[in-house]
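Given chain W, put chain P in place with the hints provided.
If you're matching them up, the sequences are chains W and P in order. Residue numbering for the first sequence follows the working numbering, beginning at 20 and increasing consecutively. Residue numbering for the second sequence follows the working numbering, beginning at 3 and increasing consecutively.
Hint data in this document are derived by calculation from the structure and do not stem from the laboratory.
Not the full set, but computed from the structure, chain P residues with beta-carbon under 8 Å of chain W:
no.: 1; residue: Leu-49
no.: 2; residue: Leu-53
no.: 3; residue: Asn-56
no.: 4; residue: Val-60
no.: 5; residue: Phe-65
no.: 6; residue: Ser-132
no.: 7; residue: Pro-206
no.: 8; residue: Val-207
no.: 9; residue: Gln-234
no.: 10; residue: Tyr-236
no.: 11; residue: Asp-237
no.: 12; residue: Leu-242
Label-pair restraints from in silico Cβ distances:
no.: 13; chain 1: W; residue 1: Trp-50; chain 2: P; residue 2: Thr-225; range: 45 to 55 Å
no.: 14; chain 1: P; residue 1: Leu-19; chain 2: W; residue 2: Leu-95; range: 16 to 26 Å
no.: 15; chain 1: P; residue 1: Asn-224; chain 2: W; residue 2: Pro-33; range: 35 to 45 Å
Quick reminder that beta carbons are idealized off the backbone N, C-alpha and C, glycines included.
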Amino acid sequence: MIFSGMLIYWAYDPYRIGLGSITLFHFFPNWFYDFTGIGQQLALGMALHFVLAWIFAINGLAYVIYTLVSGEWRALAPDMNSFRDAIQVAMHDAGFKVPLPPQGRYNAAQRLTYSAIIVMGGFSLLTGLAIYKPAELSWLTAALGGYEWARWEHFWLTMGYAGFFLIHIAQVIRAGWANLRSMVAGYDLVDSHE
Amino acid sequence: MSKTPEQELKERTRRSLIGLGAGAVVVVAGAYWIKDQPDADEIPQALRGVLNFNEKVVRAALFSDRHLTKTYPASAIGKLKKNGDFGMEDKIDEAAWRLSVGDKTLTLADVQTLPKVEETIDFKCVEGWSTVTSFAGARLSDFTAKFAPGGSSAEYVGMQTPDKNYYVSVDMPSAMHPQTLLAWEMNGQPLTQDHGAPLRLVMPVKYGIKNIKRIAKIEYTNTRPPDYWEEQGYDWYSGL
Chain W
20 MIFSGMLIYW AYDPYRIGLG SITLFHFFPN WFYDFTGIGQ QLALGMALHF VLAWIFAING
80 LAYVIYTLVS GEWRALAPDM NSFRDAIQVA MHDAGFKVPL PPQGRYNAAQ RLTYSAIIVM
140 GGFSLLTGLA IYKPAELSWL TAALGGYEWA RWEHFWLTMG YAGFFLIHIA QVIRAGWANL
200 RSMVAGYDLV DSHE
Chain P
3 MSKTPEQELK ERTRRSLIGL GAGAVVVVAG AYWIKDQPDA DEIPQALRGV LNFNEKVVRA
63 ALFSDRHLTK TYPASAIGKL KKNGDFGMED KIDEAAWRLS VGDKTLTLAD VQTLPKVEET
123 IDFKCVEGWS TVTSFAGARL SDFTAKFAPG GSSAEYVGMQ TPDKNYYVSV DMPSAMHPQT
183 LLAWEMNGQP LTQDHGAPLR LVMPVKYGIK NIKRIAKIEY TNTRPPDYWE EQGYDWYSGL
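Just chain W, same shape as in the assembly (with noise of 0.2 Å):
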């Protein structure tokens, strides 16, 4: 998805990080685009996109639909206490001497994250389909501020995916090999206290 998202973002790339006429990063550079071999492949870029949209659609309905139908959202929906658990948190993996508040199968900051997604996730489809049918679905468009700024919220989900993975596998790697047995197993072993 991200993908094929460049190929066609590569046709007309115009974002960046900066301040009238400086410009701190412009997204993308040419060696970014040299290096990945991206550029001129708008035509297959957009066949991909909106073929691939289907199973990220799907896939992300089936999702929050288990998650709800099997309680599952339980553990993951963040409630009044999770704000300020994330922040404690968030210090004590950024090297802080505070100390961790008491967490069920996702800490407080994993609760937040892995939530946050899934509202990113719904908005990505939301952005996408604005910029897709902006004529048929001009209710939409309008509502997320317009064409131009549906395609802009559309790209900073997807940097906010991609900031997402960096420190998701940044801290997977952290946390050692039990707790990616437990990802992938979803099981762990621990000492009973009886």
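For chain P alone, kept in the frame of chain W given last:
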């Protein structure tokens, strides 16, 4: 003998990893299966198939003559760039230009006998940019009713430039959309040759690639006429 917890966990981890690995193999194999298919106009057949399926979904579930694209005040008009000159490499003698429709040959004055409609719309390029632009001309639906009676019962409209180097085909519902114009003015001025003088197609329900400039011939047909950018790998429908 029952397994120890360690053995049980090892077993479950093994099963999960095999499952993950199998999933990865299926995804990679699927990607290669798509990639190795014969192309249908520059993109793999399977992708073309889904684009055609998407077209059916959109036409059945979304498209409506009553869905008008957003219009803008004159103050929002930007500077529309010329983005290609396929079919328009040479200058054209506008006085000698004629439009061919069926067995009729029309002058611009003939087309201008139709009610003039002006609209300021966001012209959207398949590349991703868009520019608010004002166009004036006749509705293609009015044109069809007057110069090609019965034409609207065909499935497709095909158009081409005088040199036949650029050509598009459009589904009839989009062609008959009230915002689809045969335009001779842009931003209050007669069309320049860069923007398709003497007569161009403007249809805000489609990407710019369908908005053919310098039209020389219009045909109404039930067999889909060729389409320049479909042959380059783009979605034929390209509807917005």
